[in-house]
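Hey, can you work out the whole structure from these sequences and the hints?
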Amino acid sequence: MLNVYDTVLNSRLFLGTAQYPSPEQLRAAVERSQAEVVTVSLRREAAGEGSGQRFWQLIQSLGVRVLPNTAGCHTVQEAVTTAHMAREVFATRWVKLEVIGDDATLQPDVFGLVEAARILSEDGFQVFPYTTEDLVVAERLLAAGCRVLMPWGAPIGTGRGLNNVYGLRQLRAHFPEIPLVVDAGIGSPSHAAQALELGYDAVLLNTAVSKAGDPPAMAEAFAQAVNAGRLAYEAGLMEAHDLAAPSTPEFGTPFSPWSGHA
Amino acid sequence: MLNVYDTVLNSRLFLGTAQYPSPEQLRAAVERSQAEVVTVSLRREAAGEGSGQRFWQLIQSLGVRVLPNTAGCHTVQEAVTTAHMAREVFATRWVKLEVIGDDATLQPDVFGLVEAARILSEDGFQVFPYTTEDLVVAERLLAAGCRVLMPWGAPIGTGRGLNNVYGLRQLRAHFPEIPLVVDAGIGSPSHAAQALELGYDAVLLNTAVSKAGDPPAMAEAFAQAVNAGRLAYEAGLMEAHDLAAPSTPEFGTPFSPWSGHA
Amino acid sequence: MLNVYDTVLNSRLFLGTAQYPSPEQLRAAVERSQAEVVTVSLRREAAGEGSGQRFWQLIQSLGVRVLPNTAGCHTVQEAVTTAHMAREVFATRWVKLEVIGDDATLQPDVFGLVEAARILSEDGFQVFPYTTEDLVVAERLLAAGCRVLMPWGAPIGTGRGLNNVYGLRQLRAHFPEIPLVVDAGIGSPSHAAQALELGYDAVLLNTAVSKAGDPPAMAEAFAQAVNAGRLAYEAGLMEAHDLAAPSTPEFGTPFSPWSGHA
Amino acid sequence: MLNVYDTVLNSRLFLGTAQYPSPEQLRAAVERSQAEVVTVSLRREAAGEGSGQRFWQLIQSLGVRVLPNTAGCHTVQEAVTTAHMAREVFATRWVKLEVIGDDATLQPDVFGLVEAARILSEDGFQVFPYTTEDLVVAERLLAAGCRVLMPWGAPIGTGRGLNNVYGLRQLRAHFPEIPLVVDAGIGSPSHAAQALELGYDAVLLNTAVSKAGDPPAMAEAFAQAVNAGRLAYEAGLMEAHDLAAPSTPEFGTPFSPWSGHA
Amino acid sequence: MKLKVNAEEIQVSAATLAALCRELGYPEQGVATAVNGEFVPRQQRDNQPLRDGDAVEILAPMQGG
Amino acid sequence: MKLKVNAEEIQVSAATLAALCRELGYPEQGVATAVNGEFVPRQQRDNQPLRDGDAVEILAPMQGG
Amino acid sequence: MKLKVNAEEIQVSAATLAALCRELGYPEQGVATAVNGEFVPRQQRDNQPLRDGDAVEILAPMQGG
Amino acid sequence: MKLKVNAEEIQVSAATLAALCRELGYPEQGVATAVNGEFVPRQQRDNQPLRDGDAVEILAPMQGG
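Taken in sequence, the protein lines are chains A, B, C, D, E, F, G and H.
Here the numbering used here is used: the first residue of the first sequence is 1, the next is one more, and so on.
Here the numbering used here is used: the first residue of the second sequence is 1, the next is one more, and so on.
Here the numbering used here is used: the first residue of the third sequence is 1, the next is one more, and so on.
Here the numbering used here is used: the first residue of the fourth sequence is 1, the next is one more, and so on.
Here the numbering used here is used: the first residue of the fifth sequence is 1, the next is one more, and so on.
Here the numbering used here is used: the first residue of the sixth sequence is 1, the next is one more, and so on.
Here the numbering used here is used: the first residue of the seventh sequence is 1, the next is one more, and so on.
Here the numbering used here is used: the first residue of the eighth sequence is 1, the next is one more, and so on.
Everything labelled a hint here was simulated from the structure, so no lab data went into it.
Bear in mind that the values here come from a model prediction, so they are computed numbers and not experimental data.
Heads up, some of the hints might be wrong.
Derived lysine to any residue pairs resembling SDA-like cross-links, with alpha carbons at most 25 Å apart [claimed, not checked]:
1) G/K2 <-> G/G53
2) H/K4 <-> D/T75
3) E/K4 <-> C/G50
4) G/K4 <-> B/T75
5) H/K2 <-> H/E38
6) E/K2 <-> D/F251
7) H/K2 <-> D/A47
8) G/K2 <-> A/P257
9) H/K4 <-> D/Q53
10) H/K4 <-> C/S256
11) E/K4 <-> C/V76
12) E/K4 <-> D/F251
13) H/K2 <-> C/F251
14) G/K4 <-> B/Q77
15) G/K2 <-> B/G48
Following this line, the structure appears as structure tokens:
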């Protein structure tokens, strides 16, 4: 089973809570996803509006862990302050650390990321850094105190799947013991299964479910795909070959000129 | 649910029975795969040996339908005769029609395939032709009486997955109403999920399960992946984009200079 | 050098003549492409219009061989009759044989193709069949009298490049001695170079040049790319590896704790 | 023409000088590559051995610019010191800055890279940083004083080509004005042409030439491919489509039931 | 007599293919002809009778891919 | 006194962050606060003086990816 | 009489396919038969004469992909 | 005095870097030098004293990628 920051998780699917057609759809999606971890955020709210509270009560009623993010933060300072605010409101040391370096690709600023990860880890946070597949950045994040890494599959919201399978393979091989979660870019269950087949420990996704025609059904599809990928990884996948090989035994083939038995 | 030749199937995974480490592993794999259709063949056997009978009794005890193949046949005549022999022994009109045209790739001889399909369909067989993604060949097979098509993903036993996704998409788009089964080349659950996400009705595989480290576990993984892929197809997959789009709402982002609420 | 039907060609680029912005652009493109073979067709023309004659005079002034096609033919009969008409008008035994089987993909009808190839070969034509990467179809075409094969890279006009590299590799390996020309689907010089690097003998393309911003310049780019690909094929390409290997010698690396010389 | 650090270059191919079968092959390869820039390094040498001097005289006789690298350096300090030593010996301000962060992938340590780039730029060097496709790292390198960027295509010596085309596209789009050179991973001329077609300004490679069966011939192939790719980029490439479109005019198709002229 | 020439219904008097080409103003060289889907070589156009309802193709060189 | 609260310029009388939250009608629980980019824990809002021009963030839980 | 049974040359006395199967000890059920490439249904094995040099296939169920 | 020259422990008498290069037979031109990881320009080798245990690098041009 997956163990992140000494928390044991049965589900290898982390689900985002944004962009659902309705709170009911969100609830149903989380339930059918079997996710034990959902991501949340903090946003400005007009006094007396209360939509934030209603959302928070909904989440609390789902019996899942929350992983607050620092989405939209572009500086170390913003990310660190947001993390502290989230820790107070959501009462958790977990934080999905995002320090965005480019608005076109929403890619991490790996410099700010490592710095913020160090500060927050020293402040007692348990940091889930949204990073790239860069091995060296990964080393720095671990040195900064992270015990989980969340490399992107593709830019947030693109649904392109695993953009750089080679790089993700290298990262997995380089850190056999560290929990690795593919975060962002997953567009379909086959992408999620592929990530798990590569030995990744989990996937985090949002858009592929919330923007599906039927979000709760898609959530269930991802739950199955993640289980399938992990089970396959543990069961030992065949290797791909360039040459064909018959599955049906050739020995004893009818009509062949060679005798078919001993 | 999948309907092939007026037979309704709950499972979209067809499983081969060859190359398992033991009969027990075969039994367990079929059970955990939830497959309702398994492929079998005919081979020469020494008198009094009886291994064929023991195998056949094992299969009969599994309560699944059998789909006899004509593996190893290189001519129309061999394939037709083998089909008739299989119909008598296995007491089914179903036949997975293979007319092999090249021993290196084990690819179909589409000319022999269409001819044999015509002869067998006229003889009352229900033909499952192992073919390529060629649209025109597909038209001929339908004209010959086939009501299911089984294009390859990649050559038998390679585990390369879907070699020509573009071609398979075209085939699916061209025949929206015909049951299409990806047969051969599937190497991992993510490949199977991808085929179902493309709208294929089912997959047929053998080596990826029988040559897995733990065949029964891998069989279950494929069962989940196939369900995931189909569920996702029905739920409506998001489209992939080149441009990133934030999942967390941008409206109300902390520390932004713009006012965050109405 | 490339030898097709006992004709020796220095250029491995065959160029189509359709869809150019102007006759001057066509002329310049053919010249800068260094192509020695261009494709042409036959079409209905109003009496007295004469555009066909003007086109034909332009082509004759270019000092290239013409390869008339049977584009738009959907039956053996249409293709055979068109080939005969072309032989009379263009005074060549060469014919690019197209028997289209599907209007969405413009893919070959491999059944009609083989039949028409047999009839035309017996009639003394030298047939350049537009076919798929199917090995068995290729065998039939050779048996029908073809001594060149022209498998598609991707559907005509898509510019997708080599859709099924694996299949094209198999075809090349299967027929080491037969001139193989990738026809259709080439969208950029890198696609053309790749085809030659795979050992293909030539490429035939049209849209990628005629629809380029600057057709003559693009024609020259393709000429260079085709030369590059062939030269590289003959020079022996390195094999790709998964593991990095330093190009700069490690021996004698400054600041390393190990002594750097014997 | 390409302008790097106010030096105008006619050739868009930078060639490495390592691993050639012989000095003659190196000389011939540089000549046939038409490269105007070659990479060199510094290594320990036994007193009186003089092979370094002989190599340096060979290079000087070729009339090309040298781009000394800091290959093998793992720290800022090593890289900076090596750069200074190279500037003295090779009498150039140019340096290909490598700060290796992982010996398995030989990938850059982007943190050390940016720091070393800043120090060297302030010291008057003109830095060619060997980096990844990371946009944010690229911004930092420019801020540190770099006016050229050299992102990897794939790890050094793998010959895998462009591992992350999507990422390289994003980088090109993000820095339309900065000279971008794909450095490392190029295995064949088609890879080089592809890089230029994507709008990259040049490629730097070594192994694909020096380890070819015939290095001088391969060098010429790369020269042609680079020219082809650039020419195509400037000429305006067609866009790839999913749907086929006939190149030969449909208007006036023989045997069609519709009248073919006005 | 009514013919289909390049898919156009027309009324002509010519009794042979050669005559038809002349009547319509096609050059003798540089076009190829077929009647009812069968190729008719140039030198046989004189001997090629036309019957009411025949489908005639008269084709000229054109750009091709 | 003029403040920027969630990027909106407003005029308030409150002298402390706690008072500001009350004045604006925010609940004590369920929101988090920062002044001039620095986090201010709930129990310190009483002791957090506000000065003219301070930038205050008051944030609530929200959907996130 | 010499036959090829499953590609093995053997000497047998059986005059019919049914007799051959018995002589070789094959069960009546559970195998399928062909002579010279043509399928012979179970119930016709009695009436299926064998001639010197005939090629007989006797096939049993087997694993398949 | 003991030095590490290009990672080899050697015993030398030279008191300066320039003297060391001469003693070891390196040409004055065409090599670059560093002591304890710091670059020492050619013209400063005379003034560069060496101390027991110093790590000296003497580098020459070489093929590079």
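Checked hints:
Restraint check for G/K2 and G/G53: satisfied, since their Cα atoms lie roughly 6 Å apart, inside the 25 Å limit. A threshold of 25 Å between alpha carbons decides the hint, and for H/K4 with D/T75 the separation of about 20 Å falls inside it, so the pair holds. Of the supplied pair hints, the one linking E/K4 and C/G50 holds, its CA atoms being roughly 21 Å apart against a limit of 25 Å. Restraint check for G/K4 and B/T75: satisfied, since their Cα atoms lie roughly 20 Å apart, inside the 25 Å limit.
Distance check on the hinted pair: H/K2 and H/E38 sit about 19 Å apart at the alpha-carbon level, within 25 Å; holds. Of the pairs offered as hints, the one joining E/K2 and D/F251 holds, with about 24 Å between alpha carbons and a cut-off of 25 Å not exceeded. Between H/K2 and D/A47, the direct Cα distance comes to roughly 18 Å. Compliance with the 25 Å bound is thereby established for this hinted pair. With a CA separation close to 16 Å, the supplied pair G/K2 and A/P257 stays within the 25 Å bound.
Pair hint H/K4 plus D/Q53 holds up; C-alpha atoms about 23 Å apart against a cutoff of 25 Å. Between the alpha carbons of H/K4 and C/S256 the distance comes to roughly 12 Å, so the proposed pair stays at or under 25 Å and holds. Restraint check for E/K4 and C/V76: satisfied, since their Cα atoms lie roughly 22 Å apart, inside the 25 Å limit. A hinted pair counts as satisfied when its Cα atoms are at most 25 Å apart, and E/K4 with D/F251 qualifies at roughly 17 Å.
This hinted pair checks out: H/K2 and C/F251 have alpha carbons roughly 24 Å apart, not beyond 25 Å. At most 25 Å may separate the alpha-carbon atoms for a hinted pair to count; G/K4 and B/Q77 meet this at roughly 19 Å. Proximity of G/K2 to B/G48 is assessed by CA-CA distance (about 21 Å); at most 25 Å being required, the pair is judged to hold.
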